[in-house]
Each structure stands twice: as C-alpha cells, then as structure tokens.
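Participant: These are the residues of each chain, in order.
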Amino acid sequence: MLRFAIITGTLALKSLRRNIMRSGLTTLGIIIGVSAVIAMVEIGQGSSKSVQKTIASMGANNLVIFPGAAYVGGSGVRTGSGSATTLTPGDADAILDRCRPYVTDAAPAVRARTQLVFGNKNYEPNYIYGTTPAFLQVRDWDLMEGQCFTDQDVRNSAQVCVLGATVVRELFDSEDPINKEIRVNNKPFKVIGVLTRKGANMMGYDQDDVLLAPWKAIKDKVVGQGLANVNQSAAVLPLDPSQKVNTVSQLYPSQQVLYPQPSALQQADTPLPVRFTNVDQILVKAGRAEDIPVAMRMISEVLRERHRITGAQTDDFYVRDMTEMSKALGSATNRMGSFLLAVALISLIVGGVGIMNIMLVSVTERTREIGLRMAVGARARDILLQFLVESVLLSLLGGFIGVLLGRGSSILLRKTLHWPTELSIPAIVAAVLVSAMVGIVFGYYPAWKASRLDPIEALRYE
Amino acid sequence: MDMIRLVDVLKTYHLGEVDVPVLKGITLTIERGEMVALMGASGSGKSTLMNILGCLDRPTSGQYWLDGEEVSKLDNDGRALVRNRKIGFVFQSFNLLPRTSALEQVMMPLSYTNTSLSTRECKERARTLLKRVGLESRMDHEPSQLSGGQQQRVAIARSLVNQPPLLFADEPTGNLDSRTSKEILRMFQELNAEQGITIILVTHDAGVGSYAKRIIRIHDGLIADGAYTGQPEQQVSIAPRPQVSLLGDPQSCSASQ
Numbered sequence: 000m001l002r003f004a005i006i007t008g009t010l011a012l013k014s015l016r017r018n019i020m021r022s023g024l025t026t027l028g029i030i031i032g033v034s035a036v037i038a039m040v041e042i043g044q045g046s047s048k049s050v051q052k053t054i055a056s057m058g059a060n061n062l063v064i065f066p067g068a069a070y071v072g073g074s075g076v077r078t079g080s081g082s083a084t085t086l087t088p089g090d091a092d093a094i095l096d097r098c099r100p101y102v103t104d105a106a107p108a109v110r111a112r113t114q115l116v117f118g119n120k121n122y123e124p125n126y127i128y129g130t131t132p133a134f135l136q137v138r139d140w141d142l143m144e145g146q147c148f149t150d151q152d153v154r155n156s157a158q159v160c161v162l163g164a165t166v167v168r169e170l171f172d173s174e175d176p177i178n179k180e181i182r183v184n185n186k187p188f189k190v191i192g193v194l195t196r197k198g199a200n201m202m203g204y205d206q207d208d209v210l211l212a213p214w215k216a217i218k219d220k221v222v223g224q225g226l227a228n229v230n231q232s233a234a235v236l237p238l239d240p241s242q243k244v245n246t247v248s249q250l251y252p253s254q255q256v257l258y259p260q261p262s263a264l265q266q267a268d269t270p271l272p273v274r275f276t277n278v279d280q281i282l283v284k285a286g287r288a289e290d291i292p293v294a295m296r297m298i299s300e301v302l303r304e305r306h307r308i309t310g311a312q313t314d315d316f317y318v319r320d321m322t323e324m325s326k327a328l329g330s331a332t333n334r335m336g337s338f339l340l341a342v343a344l345i346s347l348i349v350g351g352v353g354i355m356n357i358m359l360v361s362v363t364e365r366t367r368e369i370g371l372r373m374a375v376g377a378r379a380r381d382i383l384l385q386f387l388v389e390s391v392l393l394s395l396l397g398g399f400i401g402v403l404l405g406r407g408s409s410i411l412l413r414k415t416l417h418w419p420t421e422l423s424i425p426a427i428v429a430a431v432l433v434s435a436m437v438g439i440v441f442g443y444y445p446a447w448k449a450s451r452l453d454p455i456e457a458l459r460y461e
Numbered sequence: 000m001d002m003i004r005l006v007d008v009l010k011t012y013h014l015g016e017v018d019v020p021v022l023k024g025i026t027l028t029i030e031r032g033e034m035v036a037l038m039g040a041s042g043s044g045k046s047t048l049m050n051i052l053g054c055l056d057r058p059t060s061g062q063y064w065l066d067g068e069e070v071s072k073l074d075n076d077g078r079a080l081v082r083n084r085k086i087g088f089v090f091q092s093f094n095l096l097p098r099t100s101a102l103e104q105v106m107m108p109l110s111y112t113n114t115s116l117s118t119r120e121c122k123e124r125a126r127t128l129l130k131r132v133g134l135e136s137r138m139d140h141e142p143s144q145l146s147g148g149q150q151q152r153v154a155i156a157r158s159l160v161n162q163p164p165l166l167f168a169d170e171p172t173g174n175l176d177s178r179t180s181k182e183i184l185r186m187f188q189e190l191n192a193e194q195g196i197t198i199i200l201v202t203h204d205a206g207v208g209s210y211a212k213r214i215i216r217i218h219d220g221l222i223a224d225g226a227y228t229g230q231p232e233q234q235v236s237i238a239p240r241p242q243v244s245l246l247g248d249p250q251s252c253s254a255s256q
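Order-wise, the sequence lines are chains A and B. The numbers in numbering that gives the first Met the number 0 rise by one with no breaks, and the one at position 239 of the first sequence is 238. The numbers in numbering that gives the first Met the number 0 rise by one with no breaks, and the one at position 140 of the second sequence is 139.
Since the hints were made in silico from the structure, they are not lab data. Just so you know, not all the hints are guaranteed correct.
[Said to hold, decoys possible] Dumping the calculated DSS-like pairs for lysine-lysine here, alpha-carbon to alpha-carbon at most 30 Å: (1) A:448 - A:48; (2) A:13 - B:181; (3) B:72 - A:448; (4) B:122 - A:13; (5) B:212 - B:181; (6) B:212 - B:85; (7) A:197 - A:215; (8) A:189 - A:215; (9) B:122 - B:181; (10) A:52 - A:448; (11) B:130 - B:85; (12) A:13 - B:130; (13) A:120 - A:189; (14) B:85 - A:448; (15) A:215 - A:120.
[Unchecked claim] Sample of chain B residues at the chain A side, in silico, Cβ under 8 Å: (16) 17; (17) 73; (18) 75; (19) 76; (20) 79; (21) 82; (22) 83; (23) 94; (24) 110; (25) 111; (26) 205.
Don't be surprised by glycine CBs; every beta carbon is placed ideally from N, CA and C.
Isolated chain A (complex conformation) (with noise of 0.2 Å):
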C-alpha cells in the first residue's frame, strides 16, 4: 500500500514537473485564496484580539460582587442592593483561592467620596477605593510613574495612595506628584503612584478620576464612621467610645456635639452590633470571557457556604458581570468570521474551477498516454487515482505555498505597518484541507473522463 501510493505520488509529480509553467499558474488560484485568507484571518484576529483587549481593559472579564440588601429586622424598612455589610476581605482571599483558575484576581474594595487637598487646591474625585495591590490586576491598569501599595502597606493600613491622571491633573497641575501628601478628609496620604490613562468607561465616566488606598487605611480613617452605619439607629450616636480616636484628628477641636453626650446606662442600653470588618465590593478578574458563568457560579458556592446559606435561603450577595460587552464583542468577532469564511469559499472555487479546466486540458493532451497506460495493464481506477492524485497535490502544494505566502503577508504588515496579527493554526490547518478537497472536489470530474476512455480510441487518438 505504502510503495503504491509512492509510485502514485512521485508519478503525479513527474508529471506535473514536465509542465511546470503551467502546473504552477493552475495552482495560482488556489495560492492566492488560501494565501488572502490566512492573511484574513490573521489580521482579523490579531485586530479581533486587540479590541478584545481593549474591552477588556474597560473590565469585561471583571465580575463585581455586591452585598445584598439589607432588611431591617421587624421595622419593614427595605433597602436596596449593597446595603448590607456581608462581604468580608476574608471573601476576597477564599473566592481567589477555591476558584482558580477560573478566577485569576480578586481585589476587595471599599468606597468613599470625600474631599483631596493639596495646598491650595482642593478636588473631590468621583472614585476614591480602598482595596488592595490586586486591583490593579484584575482591571488591566498599569503604573504611569513610581509604584503600587504592597500588601504590607494594605495590613498596615499605611496612608500611601496611587492617583489617577484626572486627579492628578486637578490637584498639582505640572508638579510632580510623587511623594507629595495630599489630604484625604483632612488626613494625610503619601502619592507614591500615578496611574497610567484609561479613558472614560462604556458609561461615560472618567475612569482616570480615581485614587486607590490600601483598603484598611481608607476604612478606618477616611471612611472612619463607616461602622456606625451598619444600621440606620446606630448612625445616630457618632461619638461612641470606640469612635473617640478618632476625635483626635478633628480638625475644629472646638466644635460642638449637636447631641447631648448619652449616659453609660444609654449606651450600655444600645450596644453597637458588633461586626466584622465588612468590604463595599469585590471585585473579580475572570480568566477568559469564556470563564465568566463558570466563575460566577463557583463564587455563588464559595460565599454560599462561608456566609452559611443553605438550601432555598436567598443569596446576600449579587455577582454581577459586563454580560452586555462580552456579547457585544462575541457577536462582532462571528460576523468577522463568516464573514472571512465566504470570502474563503469563494476564492477556493475560483482556484477549483482553474484546476478543473487545466486537468480537462491535460487529460485530452495526454489521452494517448492514458491509452498506452491502459495497454499495460492500468485499471480505470489506476488513471482515476493518478489524476486524481496529480489535481489534489497541485492543489495541496497551492494550498502550503498560499499559507506560506499568508504568514509572511501578515508578518510583514505587523513589522511594516505595525498591525496587530495573531497566527491562526486552525485557519492554517483548514486551508491546507479545503484546499486538498478542492483538489478531490474539481480533480474528480476530470479524472474520471480520463478513467472512461476506451484503450484503443485512446491509443489512436491524434
């Protein structure tokens, strides 16, 4: 079998190499349509890859997760979702761990809205998050100019903070910000970073109008009366004993209490619930966008269980994701491709029909040879497979050549014109198919006239 189809093979070979002029224009067809469209694809993708990125710059592989509402026990009072103060940073750290690699950051983050200062200048950012170094992880960001808070700096809640480029541009105009203090509700936070530039995000806002803090800094001294808010009726009593350090840092010591201070027995009568450190979000990088059901689910099954819900209990938590981007951008890349497909199609059957016409040709020229092969003793399915074989490897050998030709093409552009391009081995392997199934599809026809002749009309034949 393997010394047959050597003997077919080289024999197709010979006899395309004796019309070598001609074999190689017939395949042209077939090496300019595999060539354009590995080319295509490779432009396609590596463009397709790059908005990817840029989406998913804008976080669409990011999931967010909110606490759930919370509902104040017996009073009928009902808030809305992220009232409740269920997220721990021990979430964050549990969700990254048991959900890998479908999970590849998780960044805990706390929000504030509150007053910078610097010098004479005062702005009030619409982001201000406290969170930890692995937030810059899962929203793609990178560093401008100095560096990030480390995860000593988040356990030490040291009052170091990284600038976005709007806060930096309203705060120090041409100044160099690092290592300036700025205020932070009155207290000071060392800049040690500038964030590189993002741009407004999918809703219009400034994505760059942002500071980050290590979480614990901004919870206890900016946030600071953050614990009281747990519930409406403890909001009430803002100076009880375990907020006093803080009164420390009040910027008008004179000021006045509105309330009347409450007595021991008071306050001993409406103790403060006590509660764990609680977080605003989590924020979640999911591996690929593929990823995101299987991540969310997962996490619905980590907290479940490190929140103790059971059963048909409601979550107290929402995992959200960017569902609208990624389906914006799964739908742009299939139309690329079927897009990219037809071309493909079309291209391949133009090249078909020019192997078609050559093999006709060649079998009429060579219709003695047929006869005198069938003389010695060739079957109609030896001719069959000859010229069979002879159309598959032109178009084979077309089909290799045009994605050499496409490689380089798109090598090319992305060293000339810095396109990006992405090498495609699923394009490559589909062309060299196609194309050899071109070759079958438009070799058969011929191959089976020649099969047909009578031996010895064949060896008359003029």
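Fit chain B to the supplied structure of chain A, relying on the hints for placement.
Facilitator: Using the frame of chain A, we list chain B on its own:
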C-alpha cells in the same frame, strides 16, 4: 499447448441503427513460441482482430482462450490484468511518454503490477532489458533525444518488462526507415528464437510479414489463409502465395496505405 485459440469469434459494431459486422467468425490457433504475421488490407478487420487478441476489446460472441484461460468474458479490470501479465505491446508510433527517461519508460508497466519487487529491483530489470535492446548508454535520455529506431527499442524493452509470453507488434516498422526496420524485425526474431516469446506482427507490408514463420491473412472479416499451424516445411515457404491474387495484391495494399 496453444498460446491463442479463437473459436468462431464475431465482432459487430453498432453505428447508430446499423449493425456493421467486422469479424464474421474467426477460428484460429497460434502455438506457443510461434512468430506470426497478421496481414490484411485496411478495413479487412485486421485491427479489430488484433484488439481482441490483445485483450483491448471483447468479441461480440465466440470464445478466446489465451494461455489456457478463457478471456472473452472478462470485464475491463480483468482484461487489464491479463494485458499487464501476459501481453506486451509495441506500436507503430512508439507511444513513449514525453519528457520521461528511457529507464522510467521501461519501468512504467511495473507500477501497475502487483509484484513484491522493490524499486531497486525494478530498476535493475529495466536496465537489463535496455542493455538487451542495445541502449545501455541511453538510459537517461528522453524520447526527444532518441532516434526513431532507438525509441522503438525502448518501446520493445518496455513491452518485455513484465516478461510476457505474448508480444503484439502493431506495424512496428511503419515509422522507421528500411535499415532500422530490419534491425527491429531481427530483434523480434531473436526474442522469438532465444526466449520463446510468441510474437504477432500486425502489418500490411509483405516485406515485414516475411520475417514471420507463418502468415495469417484476413479478408473481409474472415481468415483467408493460415488459420492453423501447418507442417513445419510449409511454414518455411511462406511469402506470396497463389491465393494472394484472389485477395488483392499485397504490393497494391501497401501502396494504398
């Protein structure tokens, strides 16, 4: 044993509505090791008979035993196998493959043979045969670099590569000058004498026919002469016979071609 035995072979072509009988009942025996000339004017059915004898065509009716095997009922593939194993062909126009070396021409039929020969053995066999026909120095030459006689020798070597017991030569000297014709015909005689290959020369040329030991004449779809192997002494005295005048003069036949 008989190499070829035809019994009452008929061949009729259908041209539209009309049936044209070409062979009208041929009964013929050719012994192993004979050298026979098949002669006849054009349109006599000579070519049709040769096609049937060479297993290129099937008779409409009648039986054909080739080397003890009934081949008239075989299908296309079966006849291809018989041609490959038992029959060598030499044609008037040589029918060599263009732009292919002599060695590869000779090896070509082996690619359709189900043998256990390795490529090296195939090459060796082809070389031996090319040497046998006196072309050892021209093995890598393509047909365009060979003279007519050399081309015909390549064709002879090719016809012998499967060691067939039967060799058909269809007007083998038709495209050659008289000197080369003699060489080629002598080569056939040698093959016949030395290796016992049965050779059938198909020709309308009495000069070519005279190289054969026996002449079979076809006229109007019937055998006019030489259907059976006669006595040896009879075989020697071939050449023009009285019957020829009745069938038409061979000289005028060749002139009309």
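Participant: Please go over all the hints and tell whether each is borne out by the structure.
Facilitator: Okay, the hints, checked on the actual structure:
Restraint check for residue 448 of chain A and residue 48 of chain A: the C-alpha separation of about 48 Å exceeds 30 Å, so the hint is violated. Proposed proximity of residue 13 of chain A and residue 181 of chain B is contradicted: the alpha carbons are some 35 Å apart, above 30 Å. A threshold of 30 Å between alpha carbons decides the hint, and for residue 72 of chain B with residue 448 of chain A the separation of about 24 Å falls inside it, so the pair holds. Between the alpha carbons of residue 122 of chain B and residue 13 of chain A the distance comes to roughly 17 Å, so the proposed pair stays at or under 30 Å and holds.
Distance hint between residue 212 of chain B and residue 181 of chain B is fulfilled; the C-alpha atoms sit about 16 Å from each other, no more than 30 Å. Of the supplied pair hints, the one linking residue 212 of chain B and residue 85 of chain B holds, its CA atoms being roughly 21 Å apart against a limit of 30 Å. For the hint linking residue 197 of chain A to residue 215 of chain A, the alpha-carbon distance of about 26 Å falls within 30 Å, and the restraint holds. Our distance criterion of 30 Å between C-alpha atoms is met by residue 189 of chain A and residue 215 of chain A, whose separation comes to about 15 Å.
The hinted pair formed by residue 122 of chain B and residue 181 of chain B meets the criterion: a straight-line CA distance of about 29 Å does not exceed 30 Å. Only pairs whose Cα atoms come within 30 Å are accepted, and residue 52 of chain A paired with residue 448 of chain A is rejected, the gap being roughly 54 Å. Simply put, residue 130 of chain B and residue 85 of chain B have alpha-carbon atoms about 22 Å apart, close enough for the 30 Å limit, and the pair holds. For the proposed pair residue 13 of chain A and residue 130 of chain B, the alpha carbon gap of about 25 Å is at most 30 Å, so the pair holds.
Between residue 120 of chain A and residue 189 of chain A the CA atoms are separated by roughly 16 Å; this keeps the pair inside 30 Å, and the hint holds. For the suggested pair residue 85 of chain B and residue 448 of chain A, the alpha carbons sit about 27 Å apart, so the restraint of at most 30 Å is met. The hinted pair formed by residue 215 of chain A and residue 120 of chain A meets the criterion: a straight-line CA distance of about 26 Å does not exceed 30 Å. At about 19 Å, the closest approach between the beta carbon of residue 17 of chain B and any beta carbon in chain A exceeds 8 Å, and the interface hint on this residue is violated.
Violation of the interface hint for residue 73 of chain B is found here, the shortest Cβ-Cβ separation to chain A being roughly 12 Å, above the 8 Å cut-off. With its C-beta approaching chain A no nearer than about 6 Å, residue 75 of chain B sits inside the 8 Å limit, and its interface hint holds. Proximity of residue 76 of chain B to chain A holds as hinted, the smallest CB-CB distance being about 5 Å (cut-off 8 Å). Checking residue 79 of chain B against chain A by beta carbon gives a least distance of about 4 Å; that is within 8 Å, so the hint holds.
Checking residue 82 of chain B against chain A: minimum C-beta separation of about 5 Å stays under 8 Å; hint holds. With a least beta-carbon distance of about 2 Å to chain A, the hint placing residue 83 of chain B at the interface is held under the 8 Å criterion. Checking residue 94 of chain B against chain A by beta carbon gives a least distance of about 5 Å; that is within 8 Å, so the hint holds. Interface restraint check: residue 110 of chain B against chain A, minimum CB-CB distance 5 Å, threshold 8 Å, status holds.
With a cut of 8 Å, the hint placing residue 111 of chain B at the interface with chain A holds, because the nearest CB-to-CB distance is about 4 Å. Of the supplied interface hints, the one on residue 205 of chain B is violated, with its beta-carbon coming no nearer than about 24 Å to a beta-carbon of chain A, more than 8 Å.
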